[in-house]
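Chemist: Based on the provided sequences and hints, a complete structural model is requested.
Respectively, the protein sequence lines represent chains F and Y. In this text, residue positions in the first sequence follow the numbering used here: the first is 1, and each later residue adds one. In this text, residue positions in the second sequence follow the numbering used here: the first is 203, and each later residue adds one.
If you're looking for bench data, these hints aren't it; they were derived computationally from the structure. Be aware that one or more of the hints could be misleading.
Stretch-level coverage of chain Y by chain F, calculated; a stretch enters the list once three of its residues show a Cβ under 8 Å from a Cβ in chain F [as the list claims (entries may be wrong)]:
#, region
1, 305 to 315
2, 338 to 352
3, 374 to 383
Every residue gets a Cβ at the ideal spot worked out from N, C-alpha and C, and that includes glycine.
Number of protein chains: 2
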Amino acid sequence: MTERPPTPFATRPGGRSARVQQAVHRAVRDLEAAEGRAGLTVPAIAAAAGVTPSTVYRRWGDLATLLADVAVERLRPDGPPADHGGLRADLAAWAEQFTEELATPAGRRYLRDAVGGADPDDTPGAATTPSTTAAHRCSDHAAAQLTAIGVRAAGRGEAVPSVESLLDTVVAPLVYRLLFRPDGLTPAYAHALVEAALRDHP
Amino acid sequence: MTERPPTPFATRPGGRSARVQQAVHRAVRDLEAAEGRAGLTVPAIAAAAGVTPSTVYRRWGDLATLLADVAVERLRPDGPPADHGGLRADLAAWAEQFTEELATPAGRRYLRDAVGGADPDDTPGAATTPSTTAAHRCSDHAAAQLTAIGVRAAGRGEAVPSVESLLDTVVAPLVYRLLFRPDGLTPAYAHALVEAALRDHP
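Modeler: Next up, the structure:
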C-alpha cells in the first residue's frame, strides 16, 4: 500500500484527519467572528486549533485554500430542497433562497473564498484535480440540489431540463451577478431566470 | 477644491498617479513572468517599480486588490468586436474568442484575481463602490463589447436582445464554468449558448 498525500478530501470520519479538519475549520470561524478577516492568519488559526502551522500548510497548502475549504462547508445546503409540489414552484423557491442566502456580505465573501482556493492550473501535478477544487465542490452542492428537484419532478411525470442546463440558466446568472455585478439581485430576478429556464418545459 | 483619496481609477493620464500605476502594473507582470506567483509580494513589487511598499498599500490597500486591478487591465479587450455581418455570427465569434482566451491557465487566473479584489462589503465606507470593483469593471468590459455588437446589429435593422439578457445567457454560463467547473468549455458549447440566447430573436 502506498502512502497518499493528505488532502482535505481524504478524511476518515472520526479519525485524526477528521478531528484536525474540524478543529481548524472551527478556529477559522471563531477567529473570523472575534477579529474579522484581519485575524485570519495561518499561525493564529493553528494556535486556536491546537495544531502546528506546518500541519495547516501540509494539509491545505496556503491560507486561501483553507478559506476556500471552510467556505464550501458553510455553503453546503443543510438538507434536501423544499417540496412545493411542482417543478416550477420548487425551482423558484430554491433560486429565491439561494439568492437570499448568498446576496449578503457573508454569502458573497464565501463565494469569493471558494473561487480563491488552489487550482490545478496553478500547481500542475498537485493533489488538487479539477473536480476536487473548492469551487467545483461548491458547484456540485448546487447541482445536487437541482438533481433532487429534478428527480422528484420526473417522479411526478413532469418534463425536466437537464441539470447542466439549469446550471447555465439559473445558477450561472445568479453566481455571475453575485461575484461581478451584485446590484439588482432580487427574488423577482431569480424567478424570471426560472421562468426562462422552463420556457421549453411548460 | 477638496482633496480626493487616490484610487486606481482616479488617474490623470501622464500625471504621477498614472506613472505609478504603470510602473507597478509592469512590475507585477515582469515579476510574475520571471518568478511565478510566489514572487508576487508587495515589497518585491514595490522594489521592482521603484516605489515604496507604503505607496502600494496606500493606493491598492492589499496585494489581492492590486492583482485584481492588473488582471482587469489584462482582460481588457484590445479593440471593438470583429464584424461578421450579422448578430448571430458576431456573437458566436465573440463568445468563441472569449472562451478561447479565458479557458487557459492564465485567463482563468486573471478571472479569479479579478474576483479576489477589495469589495465594498469587506470595507464599508471605503473608496471602493460596487461599480468600481475590479470584478465589476471586468464585467463592464464584456458588457461594452456586447453593446457594440448590439448597436451594430440594430443599425442593420436586426432585433437585438438586451445587454443584461446577453450577460445572463452567454457571459454568465461561460464565466461560471471557467471559475467553478472548467471541463467541457469548447467552441461548440459557446455557440450553443448564443443559439439559446437568440431563440426569441430569430
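Chemist: Could you run down the list of hints and mark each one as holding or not?
Modeler: Do the hints match the structure? See the list:
1. Only when three residues or more bring their CB closer than 8 Å to a CB of chain F does the claim for the region 305 to 315 of chain Y stand; here the count is 4, and the claim holds.
2. With a cut-off of 8 Å between beta carbons, the region 338 to 352 of chain Y has 3 residues touching chain F; three or more are needed, and the interface restraint holds.
3. With a threshold of 8 Å between beta carbons, the proposed coverage of the region 374 to 383 of chain Y by chain F holds, since 8 of its residues qualify and at least three are required.
In this structure, every one of the numbered hints holds.
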